[in-house]
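Quick mapping for you: the protein sequence lines, in order, are chains A and B.
Just so we're aligned, residue 0 is where the first sequence starts under numbering that gives the first Met the number 0, counting upward by one.
Just so we're aligned, residue 0 is where the second sequence starts under numbering that gives the first Met the number 0, counting upward by one.
Honestly, the hints are just simulated from the structure, not real lab data.
Don't take every hint at face value.
Unchecked claim - Simulated pairs of lysine to any residue, SDA-like, Cα-Cα distance not exceeding 20 Å:
(1) A:K313 x B:Q45
(2) A:K313 x B:E5
(3) A:K87 x A:L109
Predicted model, so just to flag it, every value in this text is computed and none were measured.
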Amino acid sequence: MQVYADNAATTKMSSTAVQAMLYGMEKVYGNPSSLHTVGQQAAEAMQAARQKIASCIGATANEITFTSGGSEADNQAILSAAAIGARKGKKHIVSTAFEHHAVLHTLDQLKKQGYEVELLPVGPIGTVTAQQVEDAIREDTCLVSVMYANNEVGSILPIGEIGAVCRRHGVLFHTDAVQAAGHLAIQVEEQNIDLLSLSAHKFHGPKGIGVLYARKGIPLVSLIQGGAQERHKRAGTENLPAILGMAAALEEACDHLEENAAKVSRLRDQLVEGLSRIPHSALNGDPVHRLPGNVSFCFEGIEGESLLLLLDSKGICASSGSACTSGSLDPSHVLLALGRPHEVAHGSLRLSLCAENTEAEVEYLLKEIPAVVEYLRSISPMWKDLVRGKRQFVL
Amino acid sequence: MALYTETVMDHFMHPRNVGEIENADGIGEVGNAKCGDIMKIYLKIQDDVIQDAKFETFGCGSAIASSSMATEMIKGKRLEDAMAITNKQVVEALGGLPTHKIHCSVLAEEAIKSAVKDYYDRRGIAYDAKQFPDCENCEGCRMV
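Turn these sequences into a full structure, and let the hints guide you.
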């Protein structure tokens with residue numbers, strides 16, 4: 000059996016999105032900047048896609064800028080807000096310790112330019128409160144950037160409440176909604192969101208395309224210099240097939256948002272319940288406010304990469320936050336931010352489901368995963384030390 | 000997965016010499032939990048010849064494969080020959096390791112040496128301390 004349970008990494012494109020892309024490649028192949036009929040057909044298709052995406056998040060079409068994906072949107076949002084702040088002498092930024100690296104590394108870059116960055120602690124379940132944000136806001140705060148939902152541990156953050164706090168204090172609010180878009184409702188007006196990033200391949204759209212929403216009146220800094228595309232905010236001929244694919248995928252996801260969330264949450268809960276029976280294991284992230292498809296666990300006494308390789312040999316595609324899978328010496332910064340010790344964070348497993356996953360697949364996962372964990376523990380000297388009391392169990 | 004060679008995958012999926020030797024003559028344990036890999040090698044030694052070798056490993060695919068290969072390489076060898084095995088030889092026997100996994104082969108070399116040292120210590124056999132790695136103070140763990 001092949002079980003794809005790595006939808007937080009990327010998703011399979013929906014046939015609706017594929018069809019929309021094919022249409023973009025075969026029929027509306029013009030350059031949207033061209034004056035002639037073929038070009039203008041492309042411009043119209045692009046405008047319709049822009050409108051569709053705007054409608055899905057409660058925005059207007061001219062507040063949507065197409066980017067190469069979530070990372071670019073995060074970079075542009077943060078650098079733009081920082082530039083606005085600098086003009087007013089405000090160089091303090093509030094964010095969280097478990098943001099995606101697209102946010103954290105951009106903030107690191109700003110630190111070198113003299114900005115002060117405050118990363119809020121996310122506590123053991125991985126969340127921040129609006130109160131924490133409010134307490135951190137100062138006179139010179141120019142931006143609050145808090146992710147809508149965490150990609151590794153699945154916590155959903157109180158974005159609406161945080162947005163309200165930011166608006167009250169007149170501070171720009173950016174949210175990295177890469178894991179939320181297409182899976183959770185987004186209403187930028189109601190939630191007081193000023194800047195929002197999303198990426199198409201996380202909701203069954205194509206890779207290499209995303210959106211930066213910027214509320215009307217917020218000037219964006221262009222990261223790529225060149226032509227006048229995207230109202231001078233993003234030079235380069237637009238990737239129209241991908242834009243059409245993204246719009247179709249997002250519209251489809253938003254049309255079925257509630258039924259998909261209900262179905263996927265049910266599968267998720269079965270998995271969480273089943274995996275919780277493995278001794279000395281623990282769910283990572285917020286157990287209540289949680290992405291419908293996210294199941295993240297730590298298993299004590301084993302290492303994540305070997306777990307992934309063995310699962311792969313059984314047809315199971317998953318991911319881990321161990322150092323060996325991150326290509327660095329440290330395990331995932333997200334798990335460390337939740338207070339998991341290094342040795343526990345090395346033994347992490349993330350399964351991320353979508354509406355295409357089935358009950359039969361969940362049963363298969365629940366049959367194979369405990370067996371693989373048990374096998375790896377049987378050859379682990381660390382597990383033996385834990386069992387013999389030479390080392391203390393953490394979980 | 001294309002990350003590893005066929006030999007690495009074979010030794011990972013079907014590791015040789017897994018387990019513990021009761022009343023082992025020498026036991027070596029290297030690495031640490033914080034770094035994400037611990038390798039433990041058990042030796043049965045008679046007349047300076049390694050009669051049997053087993054391992055237990057907490058770690059990634061290449062750590063398990065390196066342990067498996069290392070135990071295969073030292074079985075039946077005289078102690079001085081086992082001591083001469085380098086991490087490069089382990090890597091070669093595995094058909095190569097990705098650059099960021101080379102430290103797994105280093106752990107395997109060190110685990111062998113550490114087990115032999117333990118044997119010498121238990122028997123009160125004199126040795127040159129410089130022959131053995133100083134695991135506690137190695138760069139790998141201090142970097143974390």
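Hints versus structure:
1. A:K313 x B:Q45: violated (41 Å)
2. A:K313 x B:E5: holds (17 Å)
3. A:K87 x A:L109: Roughly 16 Å between the alpha carbons, so the hint for K87 (chain A) and L109 (chain A) holds.
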